[in-house]
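So the chains spell out like this:
Number of protein chains: 4
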Amino acid sequence: MSSTYGEKLKLSIFGQSHGPAIGMTMDGIPAGLPVDFEALNTFMARRAPGQGSFATSRKEADQPEFLSGVVDGFTCGAPLSAIIRNTNIRSGDYSNLKDCPRPGHADFPAQMKYKGYQDVAGGGHFSGRLTAPLCIAGGLCKQWLEHMGIRIGAHISSVAGISDISFDWISPDLTALQNGFPVLNATAGKQMLSEIDKAKAEGDSVGGTIECAITGLPAGLGEPMFGGMESKLSQIIYGVPAVKGLEFGSGFAGSDLRGSQNNDPYTVTDNKITTITNNAGGILGGITTGMPLIFKVAIKPTPSISRQQQSVSLGRMEQQELSVQGRHDPCIVPRAVPVIEAAAAIAIFDMYLLDSKLWEE
Amino acid sequence: MSSTYGEKLKLSIFGQSHGPAIGMTMDGIPAGLPVDFEALNTFMARRAPGQGSFATSRKEADQPEFLSGVVDGFTCGAPLSAIIRNTNIRSGDYSNLKDCPRPGHADFPAQMKYKGYQDVAGGGHFSGRLTAPLCIAGGLCKQWLEHMGIRIGAHISSVAGISDISFDWISPDLTALQNGFPVLNATAGKQMLSEIDKAKAEGDSVGGTIECAITGLPAGLGEPMFGGMESKLSQIIYGVPAVKGLEFGSGFAGSDLRGSQNNDPYTVTDNKITTITNNAGGILGGITTGMPLIFKVAIKPTPSISRQQQSVSLGRMEQQELSVQGRHDPCIVPRAVPVIEAAAAIAIFDMYLLDSKLWEE
Amino acid sequence: MSSTYGEKLKLSIFGQSHGPAIGMTMDGIPAGLPVDFEALNTFMARRAPGQGSFATSRKEADQPEFLSGVVDGFTCGAPLSAIIRNTNIRSGDYSNLKDCPRPGHADFPAQMKYKGYQDVAGGGHFSGRLTAPLCIAGGLCKQWLEHMGIRIGAHISSVAGISDISFDWISPDLTALQNGFPVLNATAGKQMLSEIDKAKAEGDSVGGTIECAITGLPAGLGEPMFGGMESKLSQIIYGVPAVKGLEFGSGFAGSDLRGSQNNDPYTVTDNKITTITNNAGGILGGITTGMPLIFKVAIKPTPSISRQQQSVSLGRMEQQELSVQGRHDPCIVPRAVPVIEAAAAIAIFDMYLLDSKLWEE
Amino acid sequence: MSSTYGEKLKLSIFGQSHGPAIGMTMDGIPAGLPVDFEALNTFMARRAPGQGSFATSRKEADQPEFLSGVVDGFTCGAPLSAIIRNTNIRSGDYSNLKDCPRPGHADFPAQMKYKGYQDVAGGGHFSGRLTAPLCIAGGLCKQWLEHMGIRIGAHISSVAGISDISFDWISPDLTALQNGFPVLNATAGKQMLSEIDKAKAEGDSVGGTIECAITGLPAGLGEPMFGGMESKLSQIIYGVPAVKGLEFGSGFAGSDLRGSQNNDPYTVTDNKITTITNNAGGILGGITTGMPLIFKVAIKPTPSISRQQQSVSLGRMEQQELSVQGRHDPCIVPRAVPVIEAAAAIAIFDMYLLDSKLWEE
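Protein chains in written order, with the working numbering: chain A, 1 to 361; chain E, 1 to 361; chain P, 1 to 361; chain Y, 1 to 361.
In short, the hints are calculated from the structure, not lab data. Mixed in with the good hints there might be a few duds.
Covered, in the sense of this in silico footprint (three residues per stretch, anywhere, with C-beta under 8 Å from a C-beta of chain Y), are these stretches of chain A [claimed, not checked]:
| no. | region |
| --- | --- |
| 1 | 15 to 27 |
| 2 | 62 to 68 |
| 3 | 77 to 83 |
| 4 | 104 to 115 |
Straight-line Cα separation of at most 30 Å, DSSO-like style, residue types lysine-lysine; simulated pairs [what the hints assert, rightly or not]:
| no. | chain 1 | residue 1 | chain 2 | residue 2 |
| --- | --- | --- | --- | --- |
| 5 | P | Lys272 | Y | Lys115 |
| 6 | P | Lys190 | P | Lys200 |
| 7 | E | Lys115 | A | Lys272 |
| 8 | P | Lys98 | Y | Lys272 |
| 9 | A | Lys200 | A | Lys190 |
In silico negatives: residues of chain Y with every beta carbon more than 12 Å from chain P [to be verified]:
| no. | residue |
| --- | --- |
| 10 | Pro20 |
| 11 | Val35 |
| 12 | Gly73 |
| 13 | Tyr94 |
| 14 | Ser95 |
| 15 | Ser171 |
| 16 | Asn185 |
| 17 | Thr215 |
| 18 | Gly326 |
Backbone N, C-alpha and C define an ideal beta-carbon position, used for all residues, glycine too.
Could you build the full structure based on these sequences and the hints that come with them?
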């Protein structure tokens, strides 16, 4: 609950945007797993700010410092813990933020819940900056899954209504997705960037969607009912700020189809059972089918915009105009791509740890 | 994990479609809550089979027998437990189902996970019949929430691509939704029924979407990150069979908008803070805003169809044709409506139990 | 929390002493484990009432009816659920029990917690009768552990101050412990029975201790800190009514020793590392050493006695004499022996399920 | 599980003795609780090394640095996280410790579990040093409980067989316990110190017991069965290194008594229900009675002793003599006293957070 996730793996994320540091502790990880710090830093860099016109210009190194759990490049069985120091420390007077909540932000519900004790500086614990420790945890899980032949890749599937092409759901190509603006169709990508620039120029922001594919999963992973793959993935993915929608396989479009269209026929290829289509997105009854796991995430437009908006003064209980100043991403979708991969990696790795091999040995 | 849900409230669901009984245990419920058995039976009846042309003709009373937790019409602090006896007990030879998996069902992944030990009769633990105990638990939570002024209502928002009108997200009308085919627009409802009949006549099935609204929630309920309202709701809603998509407020459509369009401006009405629009679906940063909580669920078309489909023989590892016999709902969306309400009620009630009032007294 | 236990295995126990039924649901059990119903009934019979002068004369069959989770004698992956119908159903007026709490029982704190809504008939959910479903779950786990070469056995180590001899902590003999009054030294057993009869004749009761040994555990099972063997075992063992003390290995006596006396020296025997003594009780740092796991439990004297005791009237807030009528065990220690074995089996089996073999294959 | 504890409060402890830092994250804490850093440092100092002849001479400041969760002296609703930098960083060659396990330490089972990947320097994650972050978390919970009138105090009840007098279980005096060697009887304390010095001079160590009392608890706190006070407390207390026994109230001694002796008679004093004796240690049926909560803990003698001991070489699989060098406490009981208080405070505070006040408002 709260900022804690997982069953065998226990992830705890802490910190506020302008506090001394942000970080994570990941408990329940077996000993002896290799930790590739360089690969982790490369992964973290995909989420880091300051990469393009679409991102905030705030620059932070975002290099995690490991405090425990790793000895000589391998996990040692103790909980992994790593922190990132904040260089933009809380200072100044933020009391006006407690009085005048920013539309689309957690300011108002946080004020109702925490009665003014919450840290409002930079969004506090609700800041998108908290996805950095999520990427530390997820980046490691992603490494370990890759050792088992499981690959996770995501791309921007739409921005501001401009759509990228979709993954091939039978055999998704996950190569070359690791740049700052990962799309499958370069032309669509250019149009998206143009829409972002336009919104930025107008003091506005845009949203988009992210499609993610996971390949190499065996059939039979997951638990029935509330322990199914969709439940496990959705719990962590909805923990990523700005996510407002999630669908697996044909999802909402599939609900318009007939059973004869949406069911995936089975076939035998190379002495292996596969399906001809993959509308199920690799999951039936909460359990993997062995086909690629496919899901799509809806990211709302960045709520911080410099255009004037209508808010209220909580103290005076009257209308008040507001314009959010400071550095903001006009579109957070590109930076959310590795975050979605990280969240998925954590969920899948936990599922692996939970899958008891006891009786099959 | 698995068939268990909740943090303070602990729900455990058990049973197989053709086993002796299905049931649920709900632990962590305070003592002294009234239990209205008649209202529960009325709620259960909305999910029960055999109601119309769209539902299976299998008839079962579905009246829960309470084994513990209730004394003289009030909860007594002991775990609540209730069962429903199955009248269609497992019999006959189902071994062909282990060999030839039904497309769109959990048969194949279950075979991979459970190595042939799973109960295949009627879908076993994966059967939609397991939503009956979910409705016992959820029906009770719904009663208790109503005592606190919180109402939960859902309607069929589309079937086979035919759309109902949407709830008013500022002030949804939840009256008169409690019939077997709950729509807001009667004309759309007739068209949907016509599409269902057409599919049925062709040995096929259709899917659809369900929109749910929760009114009366205070601002400030929910936890940050993985304990947010979206995370809590999604975990249980994806535990309902056939759910493949879920979005909150403007969801996927909102991802096409600009921040200035999607942000909900604040205003003061009757000395209360509200928002003028409700694209957030009543949730910001995982925490309720005090506006109605709005979400939409995508239900895939019933996988059981009598039309011939392509499958495989797992034993012979070769192609095999399959036609699923027996009684099936050509559209499960109507019966899924109370199930979604039940799932939401359980999640919300657990959130209430978790919300510590300790320091406010 | 509450009546729910376990991490991968999720045990939920429900029912009240005089309600319709008591039972349990055990989720998270792998498919394909054999279920020996006859052996389970034999195990259950060790706990059943009506066996000797030391036990209550209330007779109930205590044969569990399985509602789900087993198909053709093997677990099927669905949650296991079983119930036992109560033949002594709640009836009559128990309101006097709400007014005048029995010393040593949960009556008073339950009244404070549940405000009068609790089921007081026969102790309700606090009744020792709830150890029957614990024995269903534990009896099954015990069977499965035995398939892995792990044996669990306990004996009465003292009653009313009369001590049995102790297990050999290096090589405990667990044979022939399965009778209604399991002691290692028959003479001590006779003295204990004589003390029980004496107390019974005087309208009084006696307590005692139980020593339990678990053999066949590999070295390396358990987790650091709060996930250690002692933590896992203690949580479930203190869930057994009347347990007030628990020590591992040399325990309290060991705290009087010097390090040079209490440390267990290592040696090599048959190319295997063992310890010469076993003061650690088979656990160091929360993790098994491969030596027998040894612990001792203190059981308080049965609080229900017919001798007059001093209580109060909660309504009148004044002193009131009380004599507890009805059938009660003058000593519950013999019947608690299989309950302790069951509790231990559940904890150990959960530890096995949690122990990820993922990376060792 | 593992190094994670709690239900509403989620405590995660990380670090190794000679790693970069040790620390803790505590999630689920309400916003608005005052944090008294000075009082916390005073509490931490009671556990810190280098205080007397009985303690190791290793000196570390042990001042926690808070990374998140506190703003302007109050909790802000974000997870609390604090670290303590290790000044004795891992260095040198510890490979001999992997080969020759120290008797009484976790070295051997850790080697079996982690296959040589564990951090052996200074005991790694198994070091008693990890009780420092436990004291950060517990020290804060203790402060917050004190605001509610709940006091927790413990004293050394025996060392090396020398016994202190016991608390008055009806009205324990918790004043003046906060020194480095807390005993109720000064003469007994001197004898204990003399025994410790003797053992130290002989290169040996001694163990002891700690008695803890908690006053001010209302009647009715706790859950039935596995969620009872004894279960909750035992799980965290057995997570403290070197604890091998735990009893509540009359505990093991009570198991020798008759029911008429061990039952606590009720009485009315000042219009309040109390018991005349408190053999129950303030808990019946897992739920508080409103009397002081009393428990006793057995601490084994420090396993690190400089006297020669018998061990084995795991590499050569043959006998080997071992003498543990370095600085060690000849008796850890005095420093364990605040640790036990801290552990109890965490468990009790979690119970408070779990106790739903929802329906009583």
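How the hints compare with the structure:
no. : hint                   : result
1   : 15 to 27               : holds (count 9)
2   : 62 to 68               : holds (count 4)
3   : 77 to 83               : holds (count 6)
4   : 104 to 115             : holds (count 4)
5   : P:Lys272 with Y:Lys115 : 16 Å, holds
6   : P:Lys190 with P:Lys200 : 15 Å, holds
7   : E:Lys115 with A:Lys272 : 16 Å, holds
8   : P:Lys98 with Y:Lys272  : 16 Å, holds
9   : A:Lys200 with A:Lys190 : 15 Å, holds
10  : Pro20                  : 18 Å, holds
11  : Val35                  : 24 Å, holds
12  : Gly73                  : 29 Å, holds
13  : Tyr94                  : 16 Å, holds
14  : Ser95                  : 18 Å, holds
15  : Ser171                 : 19 Å, holds
16  : Asn185                 : 18 Å, holds
17  : Thr215                 : 16 Å, holds
18  : Gly326                 : 14 Å, holds
Of the numbered hints stated above, none is contradicted by the structure.
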